[in-house]
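So the chains spell out like this:
Number of protein chains: 4
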Amino acid sequence: MKNYADVKQINYEGPKSKEPFAFKYYNPEEVIHGKKMKDQLRFALSYWHTINASGTDMFGGDTMDKTFGLSGMEMYKKKADFAFELMKKLGIKFYCFHDVDVAPVGKTMEETVKNFHEMVDYLLMKQKGTDIHPLWVTVNMFSDKVFMAGAATSPNAEVFARSCLKVKNGLDAAKKLGAEGYVFWGGREGYDTLLNTDMGLEVDNLGRFMQMAADYKKKIGFKGALYIEPKPKEPTKHQYDFDVATCCNFLRKYGLEKEFKMNIEANHATLAGHTFQHEIRVAATNGVFGSIDSNQGDLFLGWDTDQFPTNAYDTTLAMYEILMAGGFTTGGLNFDAKARRQSNTFEDILLAYIAGMDTFALGLRKAQQIIDDGRLPEFVKERYQSYASGFGKEIVDGKISFEELAAHALKTDEIKVDSGHQEYLESVLNQILFEDK
Amino acid sequence: MKNYADVKQINYEGPKSKEPFAFKYYNPEEVIHGKKMKDQLRFALSYWHTINASGTDMFGGDTMDKTFGLSGMEMYKKKADFAFELMKKLGIKFYCFHDVDVAPVGKTMEETVKNFHEMVDYLLMKQKGTDIHPLWVTVNMFSDKVFMAGAATSPNAEVFARSCLKVKNGLDAAKKLGAEGYVFWGGREGYDTLLNTDMGLEVDNLGRFMQMAADYKKKIGFKGALYIEPKPKEPTKHQYDFDVATCCNFLRKYGLEKEFKMNIEANHATLAGHTFQHEIRVAATNGVFGSIDSNQGDLFLGWDTDQFPTNAYDTTLAMYEILMAGGFTTGGLNFDAKARRQSNTFEDILLAYIAGMDTFALGLRKAQQIIDDGRLPEFVKERYQSYASGFGKEIVDGKISFEELAAHALKTDEIKVDSGHQEYLESVLNQILFEDK
Amino acid sequence: MKNYADVKQINYEGPKSKEPFAFKYYNPEEVIHGKKMKDQLRFALSYWHTINASGTDMFGGDTMDKTFGLSGMEMYKKKADFAFELMKKLGIKFYCFHDVDVAPVGKTMEETVKNFHEMVDYLLMKQKGTDIHPLWVTVNMFSDKVFMAGAATSPNAEVFARSCLKVKNGLDAAKKLGAEGYVFWGGREGYDTLLNTDMGLEVDNLGRFMQMAADYKKKIGFKGALYIEPKPKEPTKHQYDFDVATCCNFLRKYGLEKEFKMNIEANHATLAGHTFQHEIRVAATNGVFGSIDSNQGDLFLGWDTDQFPTNAYDTTLAMYEILMAGGFTTGGLNFDAKARRQSNTFEDILLAYIAGMDTFALGLRKAQQIIDDGRLPEFVKERYQSYASGFGKEIVDGKISFEELAAHALKTDEIKVDSGHQEYLESVLNQILFEDK
Amino acid sequence: MKNYADVKQINYEGPKSKEPFAFKYYNPEEVIHGKKMKDQLRFALSYWHTINASGTDMFGGDTMDKTFGLSGMEMYKKKADFAFELMKKLGIKFYCFHDVDVAPVGKTMEETVKNFHEMVDYLLMKQKGTDIHPLWVTVNMFSDKVFMAGAATSPNAEVFARSCLKVKNGLDAAKKLGAEGYVFWGGREGYDTLLNTDMGLEVDNLGRFMQMAADYKKKIGFKGALYIEPKPKEPTKHQYDFDVATCCNFLRKYGLEKEFKMNIEANHATLAGHTFQHEIRVAATNGVFGSIDSNQGDLFLGWDTDQFPTNAYDTTLAMYEILMAGGFTTGGLNFDAKARRQSNTFEDILLAYIAGMDTFALGLRKAQQIIDDGRLPEFVKERYQSYASGFGKEIVDGKISFEELAAHALKTDEIKVDSGHQEYLESVLNQILFEDK
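Protein chains in written order, with my numbering: chain A, 1 to 437; chain B, 1 to 437; chain C, 1 to 437; chain D, 1 to 437.
The shape of chain A in the complex, shown without the other chains (with noise of 0.2 Å):
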């Protein structure tokens, strides 16, 4: 296997290829659905895992050295370096950060606002004469120790400040970066206890907080989208974005469901008792679909493991309800995904991205194929074809009265039910899935 350093690009080799540093089924240029592959995926890099994050986890240190023995504001440039060289040797034109992740905290607030502009400006100067930007940016309201009874929903006023000072600088600097939106992701807005919890002056704050913000956003004029990231638990024990259908009702209940959209994890959904699938069908329906925290995790474990998307039944049902809910606008395959702590290379940094990259771009070419072959889509039009005249029309445009339904079945003692095949259907998906293209 070849180096880090020897690997200057990774190219499109086909599936099959035996080259590890090679897309088998990502070949950005070629059109699927109407635009090129690289158009209908719009991967991002995630600062965060692919950038900082060492192989810590909660029982065990760091395996791997991403300082480059560099410190302070020397070492988030070089950091910035290699994010930049990462998305060209990727062929990525996105990424994504908290304002922690690029930039050195002061000890002042003032030095830490001001170390982040600066390295703003730095990503800035990194962005020219390339296509690379932000899918989004947010900031970190969940490590800091004074954020460890929320942010928003702190018990403490002086926690909902500061809060707004990181949303305020996160705003402008997606505004600088020219960032297709903003993230909220809510990781500390819940409790671990209702012995000491204060749920409704909470929840209405946080209501509060995120109506200043949208106001925010059209006063300074940043055009991007606004995303609130549902989870359900981790690190608190119950967390008030628990999933999308949550975050719809908190949307509504504060007026707020025209200012913001979801920006959906996989490994989210399936802690909150989801598929992946379910969760971008319900903001679909709900009108809240916007961008896709990419990654995996395991179901038999209880926390968020961030894998790699390898598993190519996810990601073509999810690229399937994707494409039905009209495509990516403002959002993308953010990869929030962490190499395994035993991936102790730079060589697996690559490895693991044209892993997940490959595995969605198989889910993109087999959701087009879905619709191609026609069986799945068309038995669901099928199968609900009594609503589409008759009584069964009626009802759905409100011209027939609930008394009127109910003597109508009072005449109709057999009903048949047709049968869901759901094994057919499963036996068709596999057959797409499998079959020779």
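Hints in this document: simulated from the structure, not taken from any laboratory.
For glycine and all other residues, C-beta sits at the position ideal for the given N, C-alpha and C.
A portion of the hints provided could be inaccurate.
Listed below are several chain A residues computed to face chain C (Cβ distance under 10 Å; list not exhaustive) [claimed, not checked]:
(1) Y12
(2) P15
(3) K16
(4) K24
(5) N27
(6) E29
(7) E30
(8) V31
(9) T270
(10) F300
(11) H421
(12) V428
(13) L429
(14) E435
With a cut-off of at most 27 Å between alpha-carbon atoms, the simulated DSS-like pairs for lysine-lysine come out as follows [to be verified]:
(15) C:K237 with C:K219
(16) C:K145 with C:K16
(17) C:K416 with D:K114
(18) C:K66 with B:K107
(19) D:K107 with C:K416
(20) B:K126 with B:K36
Once you've looked at the hints, dock chains B, C and D against the given chain A.
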């Protein structure tokens, strides 16, 4: 141990009694938190588990015979007699039932409806001279094969119509019997696989159906409450009424948030990944707290075990939430619980109800002690003091801007977030639970 | 789509066929890994799900009628005819059944036994002139109320005795029908609450029972294998045969490790927190790999869903483990799977079996491709090279002491542990699964 | 509330005291079940959580500073002083530690070992004149990156050798300090993916390693017990010491069942799908009950939360199992528990220990009341009466054959299996827990 027949009435004998057929904590006429215990707790008997269920599970047949050697209408009348006898022995004033619990299905829809109304009249006759009446009525739209793919969300419009007929009869019965409410549990309103499901149409249809039902309720002048009972899964892979937050989103989306409240089941809460208390709190903060299906699940098991509630931590914290939410108005504590399959005697029915009623009575007593003790509620109040004055209050009152807060934060380097003292609060709770009173 | 009656035989038509009633991957006579596919896969029909189950679940009644309008012995003979017809249509050579699946329960034990032996003779007659015979036989010691508290672990010695009678008849039938094995699934051998359970006595009794059964098997000269089928929970809260490792401990504790092998069910593995492959590997490393109950669960659901296996990752990795363990000898792939409740037609029975057989046939093909490709097995071999020579080999051979190793380590400051390359290996697996062949 | 420094000693003040820094249930010198409470409960302090952990989680940094502004050996000595001070304040006589908890890692292995032994001598000096000594010692073979793929199960033989060195030092320290035992927790002895794992070799190597360690223990004359601590998962996807039954199978397979006992952690039990009581019972019935890692998990969360135990149901039932198993000999109750991340003060350390110690003390009191009350143990005894005489006794004594039992059963049509009375037993338990004493 006595025989069932020899137990004439379950009386309160206090916490030291070793008589199995006596209450140790439930003293109906004793006043707690301003009301008699019987009026705070509003216990209800569940017809399906108590009068009909025979110990079947997915791997085994009956362990009890509750047919009294009869069949048809005769059997159902005998069952009604038994239900009233049981309620009198237990001192229970409310009951809950599905249409199919109280009357036999006929050969035609008309016969089925006729049987049902005949039995409703019989129940009305039984109610006369007692203070017993339904806490709520519901209809079963999940057992018959016509509902295999849903009721209001069925792909077959004939099933939608039959659902109208069923709910119409249910609401008519609720009115006639003076029920305090009517419940919708959507056990088949969901899907088994997204491969064959049009979620958008299905949920829209459910919205239309609920609007129709709410309108009909008003038309007939039924004054009781309408409830939705959330459950995430089982029997279907995924149900649309996943949890309280999901139901609130549904209600708001279709403009129904004034028409429905929640009937929260403990075991359904836990299957959704929430504590029982969490769901009550979420309902309260969304203004939809209604009634309780009182039972407990087994957190080591992944299905709805519907056990009688015997965990005093859970009942204490639930009753504390309920008292904080203002207590029951139309709602109450329905024992949606069945004696274990091995509890195969009529004595066990009594013993199981005693266990459940006593545990909730103990919970009520302890909830009141939490209030009287004061340490827990005062800790919470104190914890959020920073929002009661200064700029914290301005946040709550909407009198301070994002930029003003950010500017303040830029000058605030040190923030001390106080300990949440979780372990201390848990030990206070234990002391209240276990100290002598 | 054709009707059930019009489908005479399911034939192999290859991966491009769009005929629902044809195999796309299962080509019975094709040789893979040195044997015909039919001899590698040894598919078996499960009598209970396929011939008897009617779509019931805990919240709903029948969706299918498999009684043929008959009852009693007549119905059971018709069912046997149906079973053999189905096996012939599907080209399946093995079947599996419980005593109660094939014959009606009588009014007395003697009548029950007589019915059973009469039906065993009928099955023997049906086998004549075919190459069909049981993969294994078992008896149902969990459905009848007498088993509510266990069979060999019942607190009631009469139930222990009845269990002897049942297993004796089952072993006698297995011998008469030329079964390849006999299975013990201890669905009620566990407890619902430790409050009423003497675990020590119960497990000792189970040990005594298994020894008796093993002795009886030898006495009558039954040459088939004896299997234990692990399952962690459901119907009981906790079953003694939790998983493969637990069963191995049981066998070793009672000196039975030579007498029993494992019948591993995919869905039981996952309910115990293990992957299917894990359980096969554990059985193989403990020398007790036997047979497979082929199905799949839903990892989002907490109960035994017994779905037909349609996930090709799982079947590929399972078949790879099975081939590595030497393939089946007495065992095979019994479809302990039922068509979904909504798959309510006789066509669905065929479609479900086709889905399952094809997915396992695809898995076998892909497992062979893993071997042929070589990258995965060679990576593993290479990874453990340090134990193939030097002091690593001395460790394996027991030729070096603790102190010598400690002394060596004291002088060894730097150790480089190589990357586990998980993402790369997963992408290799994907390439093997999805590349053209 | 007092400051940490102002709390000199935690004293027993009884259940009515409202002093936060006092025991309500733990009265060390009071005799329960024939021994002083301190000798029944044998509480131990865990060095890693209590002396070192700083509130970090996977999403956040420190919330507490326990460095005392020091570093290197100086800091570790100050930490040791703090540990002894804390044990004295709490009246705790035992402590538990890993090698890396008590001494800094050096630049070379030799320096690391030297540091460790120097600190062991320091601890020995601290022990002088006190009755404090280790409940058990262990070594950390999971945090350093060399252990990323396992210790004794690493694919790299150098890591096996280093594991020998570490355990050798740990056993030497245990002997020197007069520890009551030595624990093996195999946090990395497992795998992340079977794709790169030779499970057979790895588990065989673990067997070799454990044999070597047991031999070395005897050689140096260490008289303490050896324990394995089961845990199913986390940090690895799957650990070989999954649960008690799995460990027993391992011990029997490698002939080690006389050499090792179990150190059972409550939170590990629950992560494996078992109750805490189940694991104690399984250990007792397999003759390997040893010691307890006392904590509690959150059944709604899928990771090891290591909370201080505050659920009195669990501690009562655990203490009942422990008393039934004969009580502790070498083992005890080590608080493998950390104050919540938001419990960020030194006062919280005391409050958390008080909560845990009081809840176990309450559990001990209630366990004794269960015995004194008699209703629960007598019910169990009565339930199995059929094995105490007649043919039931012949089954237990091995004096009746399979065929004799089958013949008996053939003549026995009616069997009445008695009710398990679960709800009644649960209400008896509640009465014992909540009645006045």
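A quick look at each hint next to the structure:
no.: 1; hint: Y12; in the structure: violated, 14 Å
no.: 2; hint: P15; in the structure: holds, 4 Å
no.: 3; hint: K16; in the structure: holds, 6 Å
no.: 4; hint: K24; in the structure: holds, 6 Å
no.: 5; hint: N27; in the structure: violated, 15 Å
no.: 6; hint: E29; in the structure: violated, 21 Å
no.: 7; hint: E30; in the structure: violated, 16 Å
no.: 8; hint: V31; in the structure: violated, 20 Å
no.: 9; hint: T270; in the structure: holds, 8 Å
no.: 10; hint: F300; in the structure: holds, 6 Å
no.: 11; hint: H421; in the structure: holds, 6 Å
no.: 12; hint: V428; in the structure: holds, 9 Å
no.: 13; hint: L429; in the structure: holds, 8 Å
no.: 14; hint: E435; in the structure: holds, 4 Å
no.: 15; hint: C:K237 with C:K219; in the structure: violated, 35 Å
no.: 16; hint: C:K145 with C:K16; in the structure: violated, 50 Å
no.: 17; hint: C:K416 with D:K114; in the structure: holds, 23 Å
no.: 18; hint: C:K66 with B:K107; in the structure: holds, 21 Å
no.: 19; hint: D:K107 with C:K416; in the structure: holds, 16 Å
no.: 20; hint: B:K126 with B:K36; in the structure: holds, 25 Å
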